[in-house]
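On the provided structure of chain A, position chain B as indicated by the hints.
Chains A and B, in that order, give the protein sequences.
First residue of the first sequence: 2, per my numbering; consecutive thereafter.
First residue of the second sequence: 104, per my numbering; consecutive thereafter.
Keep in mind the hints are simulated off the structure, nothing from the lab.
For every residue, glycine included, the Cβ atom is placed at its ideal position computed from N, Cα and C.
Among these hints, one or two may not hold up.
[Said to hold, decoys possible] Mimicking DSS-like on lysine-lysine, the simulated pairs with C-alpha atoms at most 30 Å apart in a straight line are:
no., chain 1, residue 1, chain 2, residue 2
1, A, Lys64, A, Lys85
2, B, Lys143, B, Lys179
3, A, Lys224, A, Lys204
4, B, Lys179, B, Lys203
5, B, Lys146, B, Lys179
6, A, Lys64, B, Lys179
7, B, Lys179, A, Lys76
8, A, Lys76, A, Lys224
9, B, Lys179, A, Lys224
10, B, Lys146, A, Lys52
11, A, Lys224, A, Lys52
12, B, Lys218, B, Lys146
[Unchecked claim] These stretches of chain B come out as covered by chain A in the derived footprint (C-beta under 8 Å, 3 or more residues):
no., segment
13, 146–158
14, 169–183
15, 224–237
16, 309–319
Here's the letter readout for the chains.
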Amino acid sequence: MDIPSIDYLLDETAKNGQPIWQVVLREEQSDSGSSQESVLERAMVTYEVMKNAAMSGIASDMKSVSGLTGGDAAKYYNYLRNHKSLLGSMESRAVAYALGTSGYNAAMGVVVACPTAGAAGIVPGVLIAAQEEYGFSDREAVYGLLTASAIGGVVATRATISGAAGGCQAECGTACAMAAAALVEVMGGSPRQCTDAAALALKNCLGLACDPVAGLVEVPCVKRNGVYAVMAISAADMALAGIRSFIPLDEVIDAMYQIGCAMPSCIRETAEGGLATTPTGLAAKRRMF
Amino acid sequence: MSIGLFDIMGPITIGPSSSHTAGAVRIGLVCRMLLEDEVKSAKITFYGSFADTYHGHGTDKAVVGGLLGFRTDNEKIRESLRLAEFRGLSYEFHTADDPKLHPNTVLIEASSREKTVRVQGASVGGGAIRITEINGMPVQISFVEDTLILFHRDAPGVLASIAHILSSNGYNIGNLRLSRTRREGDVITVVETDVPVDGTTAGQLCSVESVSEAVVIPHF
Chain A
2 MDIPSIDYLL
12 DETAKNGQPI
22 WQVVLREEQS
32 DSGSSQESVL
42 ERAMVTYEVM
52 KNAAMSGIAS
62 DMKSVSGLTG
72 GDAAKYYNYL
82 RNHKSLLGSM
92 ESRAVAYALG
102 TSGYNAAMGV
112 VVACPTAGAA
122 GIVPGVLIAA
132 QEEYGFSDRE
142 AVYGLLTASA
152 IGGVVATRAT
162 ISGAAGGCQA
172 ECGTACAMAA
182 AALVEVMGGS
192 PRQCTDAAAL
202 ALKNCLGLAC
212 DPVAGLVEVP
222 CVKRNGVYAV
232 MAISAADMAL
242 AGIRSFIPLD
252 EVIDAMYQIG
262 CAMPSCIRET
272 AEGGLATTPT
282 GLAAKRRMF
Chain B
104 MSIGLFDIMG
114 PITIGPSSSH
124 TAGAVRIGLV
134 CRMLLEDEVK
144 SAKITFYGSF
154 ADTYHGHGTD
164 KAVVGGLLGF
174 RTDNEKIRES
184 LRLAEFRGLS
194 YEFHTADDPK
204 LHPNTVLIEA
214 SSREKTVRVQ
224 GASVGGGAIR
234 ITEINGMPVQ
244 ISFVEDTLIL
254 FHRDAPGVLA
264 SIAHILSSNG
274 YNIGNLRLSR
284 TRREGDVITV
294 VETDVPVDGT
304 TAGQLCSVES
314 VSEAVVIPHF
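The shape of chain A in the complex, shown without the other chains (with noise of 0.2 Å):
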């Protein structure tokens, strides 16, 4: 897909009088020259891959390969079974599937890089804990994930999708706006809607550190995911409600990428500041190293 901008996919919405899923389709079928049918059954592979790392991820309590996390998907769902959780059925599910996908990929099972592994919770948890909230098709989660998948496009080529470039929220801000959008998308929002809670969540990231305990992408990646699993809804809602974002998506992407260029070496992906470098953090680096 060829998309440079977010006003571009919005003129493009608006010209054909289509949503933003519908865009992405013909852009990917016109790049890659398969049909819009093949391309969607590769998407409905890949959401599969998702819910299988979601749902690998609460049955299980197996440890990352350092040791240093593992366990505390499984830990939320039972809690989740158990109690009454303080978020709703919704969004705690969101959480319980992130922190699943996360543990998962730390303990490297496969996941779906959306956009990157260290973030690979954040859309799968929101779309999948929507789908058994409102019981929308699997077909219909997809347009979502096509609908992410065009602001992340936007973000890779504007900006960055590296912790190592731009900071962690480069990764978790991305999936966090692409998450929003997705669910904008499959709750029926408009283009714009769809964009506003993307703008939204990633406003909300950013200046967000990559700072993980040892170089790891464990600590704190993956409970942030569960976290912002949950802003991404709190977007969403808002933007549906009608809430616009006061900067527009493309300023805020231009934005998180100067942040991501000021910010210092050592909290990009180095292990050299932040978490990684205080005293429990360099601790757990000297026993595992």
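Frame of chain A, contents of chain B only:
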């Protein structure tokens, strides 16, 4: 710039890190594809963040998995070090420092029974890679398009012959880049085509005087 839908919503990969695991698998896979044969030995040097965290991220297993021919979603990557021993692939890991390189860079010197290749590549985020050097020559290859890699000598008319064979077989050249060591020295020509070049055409390309090898690596 165009980006694939399934590059954003993907790749489907084993964890834990798309840059430290998926990208590393793909760089290993490039070596395997350039050798066009089983890899028998490999010397793997990690730089930057790769050097600091390769053990905890499974980057070692990822590169070796790629050398064994595994794709990013192959769960056997978790066991790749053991499988390598079983399959007769000997490997060694080194770390080095070079601040000029991208923080996630690996240099792989791999040999099959008959060939040796030296590939340097960077994992640039979300599983995307950029091969920056082949056999000591600077290149820029990301494999987002179907790619043809030609190894030849620097001589007048070689490029014309290559272009002629491609066009007479109906291939459109999307991009072409040459890299040479010196006049009349070794050259690597990287051609991006709209569809992968078939074996017959690759054979014709190899029969051009001065061309020693033509390797087709479809978009992956």
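Verification of the supplied hints:
Distance restraint check for Lys64(A) and Lys85(A): the Cα-Cα separation of roughly 27 Å lies within the 30 Å cut-off, and the hinted pair is therefore satisfied. For the hint pairing Lys143(B) with Lys179(B), the CA-to-CA distance comes to about 18 Å; that is within 30 Å, so the pair holds. Between the alpha carbons of Lys224(A) and Lys204(A) the distance comes to roughly 20 Å, so the proposed pair stays at or under 30 Å and holds. For a cut-off of 30 Å, the pair hint linking Lys179(B) to Lys203(B) is broken: about 34 Å separates their Cα positions.
Note on Lys146(B) and Lys179(B): the hinted pairing holds, with a Cα-Cα distance of about 21 Å set against a maximum of 30 Å. As the CA atoms of Lys64(A) and Lys179(B) are separated by approximately 18 Å, the hinted pair is consistent with the 30 Å bound. Taking the CA atoms of Lys179(B) and Lys76(A), the gap is about 28 Å. The hint holds against a cut of 30 Å. Among the hinted pairs, Lys76(A) with Lys224(A) is consistent with the structure: their alpha-carbon atoms are about 12 Å apart, no more than 30 Å.
Distance restraint check for Lys179(B) and Lys224(A): the Cα-Cα separation of roughly 27 Å lies within the 30 Å cut-off, and the hinted pair is therefore satisfied. Taking the CA atoms of Lys146(B) and Lys52(A), the gap is near 38 Å; set against the 30 Å cutoff, the hint is violated. Our distance criterion of 30 Å between C-alpha atoms is met by Lys224(A) and Lys52(A), whose separation comes to about 18 Å. Between Lys218(B) and Lys146(B) the alpha-carbon distance is near 14 Å, which keeps this suggested pair within the 30 Å criterion.
Counting residues of the segment 146–158 of chain B whose beta-carbon sits less than 8 Å from any beta-carbon of chain A gives 4, enough to reach three: the coverage restraint holds. Here's how the segment 169–183 of chain B fares: 4 of its residues keep a CB closer than 8 Å to some CB of chain A, so the rule of at least three is met and the hint holds. Counting residues of the segment 224–237 of chain B whose C-beta sits closer than 8 Å to any C-beta of chain A gives 4, which meets the bar of three, so the coverage hint holds. Restraint check on the segment 309–319 of chain B versus chain A: 0 residues with Cβ-Cβ distances below 8 Å, three needed, restraint violated.
When held up to the earlier numbered hints, the structure conflicts with 4, 10 and 16 and fits the remainder.
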